[in-house]
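Colleague: Below, each chain spelled out in residue letters.
There are 2 protein chains.
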Amino acid sequence: MHVLVIGSTRGTGNLLVRQLLDRGHAVRAMVRDPAQGPALAGLGAEVVVGDLEGEFDRCIPGVDAVAFCAGSGSATGPDATLRVDLHGAVRIIDACVEHGVRRYVQLSSMAADDPMQGSEAIRHYLAAMHARDRILDASGLDATTVRPGGLTHDAGTGRVRVGVPTIGERGTIPRADVAAVLAACLEEPTTAGATFELVEGDTPIATAIAEVVRRGRSA
Amino acid sequence: MHVLVIGSTRGTGNLLVRQLLDRGHAVRAMVRDPAQGPALAGLGAEVVVGDLEGEFDRCIPGVDAVAFCAGSGSATGPDATLRVDLHGAVRIIDACVEHGVRRYVQLSSMAADDPMQGSEAIRHYLAAMHARDRILDASGLDATTVRPGGLTHDAGTGRVRVGVPTIGERGTIPRADVAAVLAACLEEPTTAGATFELVEGDTPIATAIAEVVRRGRSA
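In order, the protein sequence lines correspond to chains A and B. Going by my numbering, the first residue of the first sequence is number -11, and it counts up by one from there. Going by my numbering, the first residue of the second sequence is number -11, and it counts up by one from there.
Rather than coming from a laboratory, the hints here were simulated on the basis of the structure. Fair warning: this is a prediction, and the values are worked out from it, not measured in the lab. The beta-carbon is built from N, C-alpha and C at its ideal position, and this holds for glycine as well. Hints may contain errors.
Listed next, with one range per pair, are the computed distances between beta-carbon atoms [claimed, not checked]:
| hint | chain 1 | residue 1 | chain 2 | residue 2 | range |
| --- | --- | --- | --- | --- | --- |
| 1 | B | V37 | A | D45 | 44 to 50 Å |
| 2 | B | P22 | A | V37 | 52 to 58 Å |
| 3 | B | R11 | A | D102 | 34 to 40 Å |
| 4 | A | V85 | B | H(-10) | 36 to 42 Å |
| 5 | B | D21 | A | D52 | 52 to 58 Å |
| 6 | A | E86 | B | T195 | 32 to 38 Å |
| 7 | B | E108 | A | R202 | 43 to 49 Å |
Here's a subset of chain A near chain B, in silico, CB distances under 8 Å, partners left out [what the hints assert, rightly or not]:
| hint | residue |
| --- | --- |
| 8 | L70 |
| 9 | L74 |
| 10 | H75 |
| 11 | P103 |
| 12 | A126 |
The following block holds chain A by itself, in its conformation from the complex (with noise of 0.2 Å):
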């Protein structure tokens, strides 16, 4: 499988381009600044030079998955997130529906489904996920939409809880287990039109997409 995986530099998204690579897929990873081209290419990813708050045209076609894991990170403002979370999403979306790449993993967030839940301080952020969440819902691609607790630094598990389409109660993942379950659902077709919520817990990383395929289907 050929996948884009924007938001390749850091965090989760980082840790997918590697998981991929690891698992014998080819990776396109987006970067806005070449300087971070080598570290990507020296892992064996085919790096492009795009920005979604400009061009990143050259970056979709020919892949067969997009994986957007990209967002603006709590140092920047709820203008970044506007700009970079929400839109720059949106303008991959449509890219995707105008070069016919129609299979899409989206990482969101735990809680939204209902920024309301959310406290005050990041109401806004959970606002725009699911603002994005809803546009590609709405744009028929392949999509799956992964909305982890919150993100911890620990070391994977393996093993995760999922909730489909929610869990009910909040909760922590390392990000080195969201990889692995985003890497997974690029890998298994049938979670497309699935959206979970995603812990740390016991279930085997593969029963648990199992679980999302079949709860998927009869939601």
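Based on the hints, put chain B in the right spot on chain A.
Modeller: This is chain B only, laid out in the frame that chain A set:
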């Protein structure tokens, strides 16, 4: 016609309340602060208390149409743009679907079709409008989306220029004329499904609305 106006206390929404009442319609005005009620009740509106960041469920049932004119204003930050302008609108859309209020007129903004056209200073705002308009489109409601140019406090002229879906150049328009166009859209159900830009011009509003209907159908 019985219309719920959201954003009724100031600006275009307040002018819409006055114009709808002048035209003989019943107006329900949603206000966040009960202290805002008497001024609207004095005009002849039914006043209901509701908060786009809180509860508003009692505001929706029983009306024939909703006109969404609320905005957090330029004095608030982009976090409020996300919480109020975007997510408040999304929640109202969902409530209209839930309560079977099918007719919806949304006050949007010129260039919301392509926020990348906007200056860096307003791009985040246009990104919110863009997402909001797409979520309304996907809602299945009988929606009309009105995207005026820069709003002025000049007296209304009753004459405008429309572009379906876009005009292709910038312009301004008095708030009073935008309110008159919103009222005309509410009175013309065949504008449902149309999205158009609006600036000041030479065309009588009734003629402009007929153009929106004709070109909206052929789009």
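Colleague: Which of the numbered hints above does this structure break?
Modeller: none
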